Amino acid sequence: MNYRSQLVAAWLGIAATLIMFIGLWPLMHFLPPLKPGLGQAELAAIYRGNATGIITGGILQMLACSIFMLYFSALALQLKRMEAAPLWTYTLLLTSVLGFVPVLVAEMLFSAAAYRPDRPDEIIQAFSDLGFFLFVGPALPGAMQMLSVAFAVLGDRNAEPVFPRWVGYFSVWTAVLALPGAVVTLFKAGPFAWNGVLAFWVAAIAFGLWINVTFWATRRALLIQMKSSAA
Amino acid sequence: MDAEQQGAVKRRAGHVPGEEGVWVLIMGDMLVFSIFFATYLIYRAQNVVLYTSSQLSMQRGFGLLNTVLLLTSSWFVALAVSEARAGGRERAMRLLLGAFACGIGFVVSKAFEWGGKIQAGITLNSNEFYIFYYMLTGIHLLHVLIGLIVLGYLIARSRRPDPGASYVLVMEGGGAFWHLVDLLWIVLFALLYLVR
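Chains A and B, in that order, give the protein sequences. Last residue of the first sequence? That's 247 in the working numbering, and every number before it is there in order. Last residue of the second sequence? That's 203 in the working numbering, and every number before it is there in order.
There's no promise every hint is true.
To be verified - Pulled from the structure, derived: some chain B residues nowhere near chain A, Cβ distances all over 12 Å:
{"hint": "1", "residue": "VAL55"}
{"hint": "2", "residue": "GLN66"}
{"hint": "3", "residue": "LEU71"}
{"hint": "4", "residue": "ALA85"}
{"hint": "5", "residue": "GLY105"}
{"hint": "6", "residue": "LYS117"}
{"hint": "7", "residue": "GLU120"}
{"hint": "8", "residue": "GLU179"}
{"hint": "9", "residue": "LEU201"}
{"hint": "10", "residue": "VAL202"}
As the list claims (entries may be wrong) - Label pairs and their in silico Cβ distance ranges:
{"hint": "11", "chain 1": "B", "residue 1": "LEU38", "chain 2": "A", "residue 2": "GLU176", "range": "26 to 34 Å"}
{"hint": "12", "chain 1": "A", "residue 1": "ALA61", "chain 2": "B", "residue 2": "SER60", "range": "36 to 44 Å"}
{"hint": "13", "chain 1": "B", "residue 1": "ALA108", "chain 2": "A", "residue 2": "ILE139", "range": "53 to 61 Å"}
As the list claims (entries may be wrong) - Partner residues are not named here, just some residues of chain B that face chain A (Cβ under 10 Å, in silico):
{"hint": "14", "residue": "GLU27"}
{"hint": "15", "residue": "VAL39"}
{"hint": "16", "residue": "ILE42"}
{"hint": "17", "residue": "ILE146"}
{"hint": "18", "residue": "LEU149"}
Derived from the structure by calculation, the hints contain no laboratory data. Keep in mind the model is a prediction, meaning the values are calculated, not measured. Here a beta-carbon is modelled for each residue, glycine too, at the ideal position from N, C-alpha and C.
Please model the complete structure; the sequences and the hints are all you need to start from.
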């Protein structure tokens, strides 16, 4: 079995998280996210002032999205070992795509906003708004990814469970944490806006924690598989 | 189960109710709600006048009714768990039905409370306080709905001819989650309806 490739794929999840972070923070300057309440002129000036950073950051983030697919495939392979009929495995794969496609499009919108500095301010604002909606908005597919792992882990009937059961309960918890991201379109300020404590920061930290914990569990499961196949 | 037996259950050394993993979720959820509550209090501190005046529109009667319903349901659940431990599945099932009915009562009363507010023209974005009011009670309501699904599962499990070896563990874990839903509401009730 190709355990070694799977292990590399799992590590790529951590790499993708880092690449995403580098794109978002030092390049795009989107940490913290631009305030939804910024004036059109102010907002447009930000896109004009950092056009190259925003566009290269966008390219890095699209790279991260693509690399993440390998990670979720490695995770799905572990889920498959837990299930007799791989319902949650398929759901994880589908919701991984459903959750990351909007992020990919968001990066294109950010790039489009920065692409032509002579564009009118209000068009830059429209692209920027759409970008942030699509970037923070896919909280529901994200929560569904987490619940897929949760249900697969909690339904695992193997004598030696593939993941520790607490990873299942942990995933339910992060799914709850990610939910406030789903309502960003309702607010222009406050904790549930796209730059809010609950809709952005808590949801982003939840996703980061979940990637790290599922990575740990996947790596652990792979090492056990490698050991038992060598024996 | 008599008092002596209950004491014996309590005295079992180092007993964690339910499977340990449930507590990751429960503690995690308590942490999340602590963040929600802290966020609310920080925003509130910056605009006390707005919050205090908006809070005057809170109907404490509804809040109190909700609290009584959840406390009663928690009591039913606690009794059901001790019945389950003693092997009284039939009675546990009936107690759980009582808890389930109280939970439904909570959902119905919340619908009336929200409905009244919306009819009075107070909606999500009316002001900052109402953002918190609708969002926090909404996220809590989601927990109540998940809790009702859990209670439903416990009822179904209690009715099975053979409830399985993990029956008591599942009852304890599900019960602990329902108590969490109750506990969170009590803090929410205090923060939204009582603190002025």
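request  = Report the numbers of all earlier hints that the structure fails to satisfy, in ascending order.
outcome  = none
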